[in-house]
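Protein chains in written order, with our numbering: chain A, 1 to 293; chain B, 294 to 586.
Do not rely on the hints blindly, as some may be mistaken.
Listed next, with one range per pair, are the computed distances between beta-carbon atoms [said to hold, decoys possible]:
| no. | chain 1 | residue 1 | chain 2 | residue 2 | range |
| --- | --- | --- | --- | --- | --- |
| 1 | A | A255 | B | L467 | 18 to 24 Å |
| 2 | B | S565 | A | L170 | 35 to 41 Å |
| 3 | A | S90 | B | L467 | 21 to 27 Å |
| 4 | A | V96 | B | E473 | 30 to 36 Å |
| 5 | A | P76 | B | R549 | 43 to 49 Å |
| 6 | A | S272 | B | S322 | 54 to 60 Å |
Read the hints as simulated data drawn from the structure, not as lab findings.
Using N, Cα and C, we set each Cβ at its ideal position, and we do this for glycine too.
There are 2 protein chains.
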Amino acid sequence: MNRIGVDWGSTSLRAYLYARDGTVAEQRSDRRGIRFVTAGDFEAVLREFLAGWLLPGSKVALSGMVTSRNGWVETPYVDCPARLEDLSKSLLTRRVADAELVFVPGLCRRGPEPDVMRGEETQLLGLDPAGDRERIVVMPGTHSKWVLLRQGRIESFRTCMTGELYELLLAHSLIGRIAEGVDFSEAAFVAGAERGHASATPVSDLFGARAGVLTASMRAGDVAAYLSGLLVGNEIREGIAAFGAPAGPIEIVGARLLGERYAQALRQLGLSCRIAREDVAARGLWRVLEAVR
Amino acid sequence: MNRIGVDWGSTSLRAYLYARDGTVAEQRSDRRGIRFVTAGDFEAVLREFLAGWLLPGSKVALSGMVTSRNGWVETPYVDCPARLEDLSKSLLTRRVADAELVFVPGLCRRGPEPDVMRGEETQLLGLDPAGDRERIVVMPGTHSKWVLLRQGRIESFRTCMTGELYELLLAHSLIGRIAEGVDFSEAAFVAGAERGHASATPVSDLFGARAGVLTASMRAGDVAAYLSGLLVGNEIREGIAAFGAPAGPIEIVGARLLGERYAQALRQLGLSCRIAREDVAARGLWRVLEAVR
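I would like the entire structure built from these sequences, with the hints used as guidance.
Structure, rendered in structure tokens:
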């Protein structure tokens, strides 16, 4: 009886085949994120993707945007604060080729300014435990998450649209039109991060990159890195504004290059941080499988 | 000898034929903003547009993006603080069909975070004078300007990318994808404005509209108005952060509908404001013509 974890996001699809002890025996990844899968095709895509792994009696945990309205099986949101047990109570199951699929719910923070996540909650389950102390986790990406963990619970979180805004500005704005080149200037990134963190006026600051080039105080080749720094520095300011500066290091969960960039910005701003182990999604999915064993 | 003012922006072209006393005798407008004019075609477009007005000996003042790098004749930036006389010293002239064209320079605020404007400086010249008192003027638009006037000088200014960001988000972001309908909900606009003004975390707040719909706490039809309010409220916060709250009313210069929306937001936030007369561009261009008489 194989146990398999599937992390199925908007733009990527990853699967882990576990050994008996929960270590990852094999893994696969693919670009068929849910954005590229037509409704009705999810089962066929999954069966093809898991070919050779999916046997009768297998158990598969799935998390990410595959559980959203535009995904395969929409799971309800579980309210914050939430523990693994709260998520486990709201799993949805479905049978495919005699295997059991278990869909993990997303998380919701209710209130006048609600917020949601899908997929990140499973990654959070995969973090190394750290007892009862309060922790802040940042999960950089299209929709970055800042998460407050307390006594082993996911206490609260806040989404910052950093990644999406960066892409939009470069692809479609008048700032993007003035940007040149693809080299990443570390100095420009750091200057942007310092500005974004020190100032509370990001929408005005954005225009500074354009004005800088027009007045020859910034090179067109530095615009992209400066903008990236500005948005990341601003996100750090917004995140700290939401949850305060933590006692311990801020933990970074995400793809290596992006994670290192956030680490650079945080250190530059005098904030202690560390990059979490890379296999948090695989470990979180394993914890779900263990909970429904 | 006709005197003519031309306000030639990115997306629009307007011209004023003045009577001897400086009142507008006739006006024309057109969609041939500089974005839609090929380099080399500016003179032909202008001559056609001013047909019947442009006589030998005519004097034409031109301002706006037509004086930018992507325009017809690039004028240098004049540094802030600046008075009309400072602008008049940097006019560029050119002859067309025996008429004299006078191109007004843009304004620049130098420093570590420079800023630029083209066209708005001429509108500011057209405001009613108000003696020596300090004034704040907001000029809503794609790239909104907040301007500090002091003792009749344009003392400083700051650009906020509100309009462009709103368009980008609705057209290209995941928030835009969730927005429905075109009705403008005043209640949603006001709620957004209050949030945007009270909070200093706009990039996180933006995601709130999406999360609101996903958690059924916001109607998809309210997303656009809420976003608009959020960005305008945030702009007001950023503008006040730059220049402080003024002693007198904040003066609003801009298109009628947009100006009224800003007035609504400002009043809702307890800030006194008034909408400036609509013909500031025509009056500012007239002042330039008078200065080079």
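Hint check results:
1. Separated by about 19 Å at the C-beta atoms, A255 (chain A) and L467 (chain B) satisfy the suggested range of 18 to 24 Å.
2. Range check, S565 (chain B) to L170 (chain A): Cβ separation about 39 Å, and the 35 to 41 Å hint holds.
3. Taken as a hint, the range 21 to 27 Å holds for the pair S90 (chain A) and L467 (chain B), whose Cβ atoms sit roughly 24 Å apart.
4. Under the hint 30 to 36 Å, the C-beta atoms of V96 (chain A) and E473 (chain B), about 34 Å apart, fit the expected range.
5. Range check, P76 (chain A) to R549 (chain B): about 46 Å between beta-carbon atoms, so the 43 to 49 Å window is met.
6. Under the hint 54 to 60 Å, the C-beta atoms of S272 (chain A) and S322 (chain B), about 58 Å apart, fit the expected range.
Going through the hint list in order, the structure satisfies each hint without exception.
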